[in-house]
Amino acid sequence: MADDIKISIEEVEHIAELARIELSVKEVEKFAGELSDVLGYIEQLKEADTKGVKLVSQVTGLVNVLRDDVVNSSDEDTRNTMIDNFPDKDGEYIKVKQVM
Amino acid sequence: MKLNELNIAEACEGLRGKKFSAVELTKAYLDRIDQTDEKIKSFITVTKDLAIEQAEDADKKIKSGDVDNNPLLGIPCSVKDVINTKGVSTTAASNILKNYIPAYDATLISRLKKDGMVMLGKVNCDAFAHGASTENSDFFTSHNPWDLDRVPGGSSGGSASSVSADQCLYSIGTDTGGSIRQPASFCNLVGLKPTYGRISRYGLISMTSSTDCPSIVAKRVNDVAIVLNKIAGKDERDSTSSENKVDNYQEFLKDENIKGMKIGIPQEYFVEGLNVEIKKAVENAVAKFESLGAEIVQMSLPHTKYAVPTYYIITPSEISSNLARFDGIRFGYSAINDDSVEAKNLSEIYCKSKGKGFGSEAKRRIMLGTYALSSGYYDAYYLKAQKVRALIKKDFDEAFEKVDVIITPTAPSVAFKIGEHSKSPLEMYMEDIFLSAVSLAGLPCVSVPCGFAKPSDGKNEIPIGMQIIGKYFDEKNILRLASVYEKNTDWHNIKPEFK
Chain X
1 MADDIKISIE
11 EVEHIAELAR
21 IELSVKEVEK
31 FAGELSDVLG
41 YIEQLKEADT
51 KGVKLVSQVT
61 GLVNVLRDDV
71 VNSSDEDTRN
81 TMIDNFPDKD
91 GEYIKVKQVM
Chain C
101 MKLNELNIAE
111 ACEGLRGKKF
121 SAVELTKAYL
131 DRIDQTDEKI
141 KSFITVTKDL
151 AIEQAEDADK
161 KIKSGDVDNN
171 PLLGIPCSVK
181 DVINTKGVST
191 TAASNILKNY
201 IPAYDATLIS
211 RLKKDGMVML
221 GKVNCDAFAH
231 GASTENSDFF
241 TSHNPWDLDR
251 VPGGSSGGSA
261 SSVSADQCLY
271 SIGTDTGGSI
281 RQPASFCNLV
291 GLKPTYGRIS
301 RYGLISMTSS
311 TDCPSIVAKR
321 VNDVAIVLNK
331 IAGKDERDST
341 SSENKVDNYQ
351 EFLKDENIKG
361 MKIGIPQEYF
371 VEGLNVEIKK
381 AVENAVAKFE
391 SLGAEIVQMS
401 LPHTKYAVPT
411 YYIITPSEIS
421 SNLARFDGIR
431 FGYSAINDDS
441 VEAKNLSEIY
451 CKSKGKGFGS
461 EAKRRIMLGT
471 YALSSGYYDA
481 YYLKAQKVRA
491 LIKKDFDEAF
501 EKVDVIITPT
511 APSVAFKIGE
521 HSKSPLEMYM
531 EDIFLSAVSL
541 AGLPCVSVPC
551 GFAKPSDGKN
561 EIPIGMQIIG
571 KYFDEKNILR
581 LASVYEKNTD
591 WHNIKPEFK
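Chains X and C supply the protein sequences, listed in that same order.
Using my numbering, the first residue of the first sequence is number 1, and each one after it goes up by one.
Using my numbering, the first residue of the second sequence is number 101, and each one after it goes up by one.
In case anyone wonders, no lab produced these hints; they're calculated from the structure.
The reader is advised that the hints may include incorrect statements.
Said to hold, decoys possible - Quick partial rundown of chain C residues pointing at chain X, CB under 8 angstroms, derived from the structure:
| id | residue |
| --- | --- |
| 1 | Arg-211 |
| 2 | Ile-413 |
| 3 | Ile-436 |
| 4 | Leu-446 |
| 5 | Arg-464 |
| 6 | Tyr-471 |
| 7 | Gln-486 |
Since this is a predicted model, take the numbers as computed values, not measurements.
Where is the CB? At the ideal position from N, CA and C, for every residue including glycine.
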């Protein structure tokens with residue numbers, strides 16, 4: 001381990017809220033420990049000299065791959081399978097709970 | 101002749117020569133799955149009816165002589181369960197997608213279908229491909245045919261175990277940070293991770309979009325070359341897929357002259373912690389290449405030690421974004437249909453669907469990634485990791501000005517026991533030590549069998565693999581070198597005692 005990083009229970013709860021994921025009390029405690037360990041290990045990146053390093057956004061060198069903005073329709077079968085996958089629906093529409 | 105011990109070229113020849121039909125071949129594999137999968141546990145779904153139907157179609161084509169340039173016609177395979185198959189359950193080995201039926205095929209699947217594939221079923225992996233052993237599967241752990249107490253590797257463990265146990269002729273997996281190479285090395289198989297963008301990612305359940313690569317595992321180098329030829333190439337539906345010409349890989353394998361080929365040996369991959377027998381096996385392989393006329397160049401990839409920490413920032417970051425789509429609204433498990441869960445509003449549906457649907461490792465990575473990308477930490481973690489990634493790529497770019505290929509061990513140890521690393525996530529992440537750099541750089545790499553070692557806690561000798569890393573889109577030369585090695589050694593002919 002490079003450095004000791006301590007992720008608090010409150011921080012884990014905050015991250016879980018950002019990720020919109022519900023964790024049990026037990027999971028929060030477990031992740032506080034595990035995330036601290038992993039982040040402690042990752043701290044060693046600090047020693048890498050990255051002054052003036054240019055970011056590489058695409059390793060094989062592609063830039064701005066464009067296509068025409070055209071909608072292609074799908075067949076009935078594809079469409080129905082997608083609709084069948086909706087957890088909750090009203091006819092062919094996805095149904096969701098109230099936002100607030 | 102045992103039908104399930106053939107390689108692709110032999111099976112293809114048998115089919116064309118009418119020694120057996122595609123239905124007979126397929127049934128032989130389905131029977132084998134029936135007999136062995138209780139112990140090996142490769143398959144999540146066996147698509148028996150579909151396989152027979154596809155085999156019947158193949159037989160019709162063979163009968164009518166409609167077989168042009170179609171070596172995969174009627175050849176049974178398995179597919180990792182993170183690859184979408186239309187109408188066939190695709191779970192990513194996760195509870196959250198347990199009941200998911202894709203409405204479309206991944207591009208590589210539609211290409212294989214066009215070529216007459218026979219799909220025997222969908223195979224196990226770590227859930228969402230997060231892991232190195234299949235122990236993170238939400239369903240079960242697959243077993244290594246060389247020693248049933250050990251893992252087959254991962255995440256494409258079911259792909260490797262299915263090929264190794266003679267349950268299929270080849271398998272399509274994925275490799276994001278080593279997930280085809282490591283299981284290939286653990287199971288005495290050939291595993292190819294092509295260049296990033298060589299095979300379309302369309303239809304993969306995304307993990308780390310900037311390193312995900314559909315990959316191939318098979319018994320012979322030539323088999324891998326055959327499959328790669330069929331699935332590589334530009335796809336309009338994946339903007340990161342490459343326009344680069346797809347070589348006729350099989351043709352290149354015919355050239356066995358490697359005189360003057362420059363092979364780089366990076367010192368950072370032969371350090372303390374590397375199993376001595378693995379070190380010896382790879383050194384012997386290198387000596388073999390030297391005796392065949394290759395030139396060995398000792399070299400350095402100085403940023404190697406940063407590969408795993410860089411990978412474990414970039415990967416969880418991309419995962420936290422990619423897995424956000426499993427929110428219980430459009431597909432997969434939803435709290436809304438679960439009577440045991442109470443959710444009052446939309447936000448609670450999101451939180452509870454993910455909370456109940458995802459397993460530990462997916463949650464861990466979502467949390468880690470969300471943290472690394474969150475306000476105040478982005479520069480220190482994600483941005484820093486992206487810069488180090490550029491340095492890792494630069495190491496390789498500079499090395500490939502001096503050498504043609506680079507050889508390293510695939511893994512620092514042989515297949516480990518089920519449960520051995522499962523207590524500590526960090527210990528499992530260290531499995532990627534020789535694998536991540538290649539993935540971060542997006543280079544092609546093939547793992548090939550190069551020996552055996554008896555682990556201190558085991559009774560059997562189990563396989564060792566080495567990886568051959570190539571220049572961007574130079575799959576032809578790494579496969580050629582792998583093939584030359586195969587022709588000059590016998591490791592690939594040794595089979596597990598498992599019956």
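Here is what the structure says about each hint:
1. Checking Arg-211(C) against chain X: minimum C-beta separation of about 18 angstroms lies over 8 angstroms; hint violated.
2. Using the Cβ-Cβ criterion of 8 angstroms, the hint placing Ile-413(C) at the interface with chain X is satisfied: the shortest such distance is roughly 6 angstroms.
3. Interface hint at Ile-436(C): satisfied, since its Cβ lies 5 angstroms from the closest Cβ of chain X, which is below the 8 angstroms cut-off.
4. For Leu-446(C), the suggested interface contact is upheld, since its CB lies about 5 angstroms from the closest CB of chain X, less than 8 angstroms.
5. Satisfaction of the interface hint for Arg-464(C) is found here, the shortest Cβ-Cβ separation to chain X being roughly 6 angstroms, below the 8 angstroms cut-off.
6. Proximity of Tyr-471(C) to chain X holds as hinted, the smallest CB-CB distance being about 5 angstroms (cut-off 8 angstroms).
7. Because the beta carbon of Gln-486(C) sits about 5 angstroms from the nearest beta carbon in chain X, less than 8 angstroms, this interface hint is met.
Comparing the model with each numbered hint stated earlier shows that hint 1 is the single one that does not hold.
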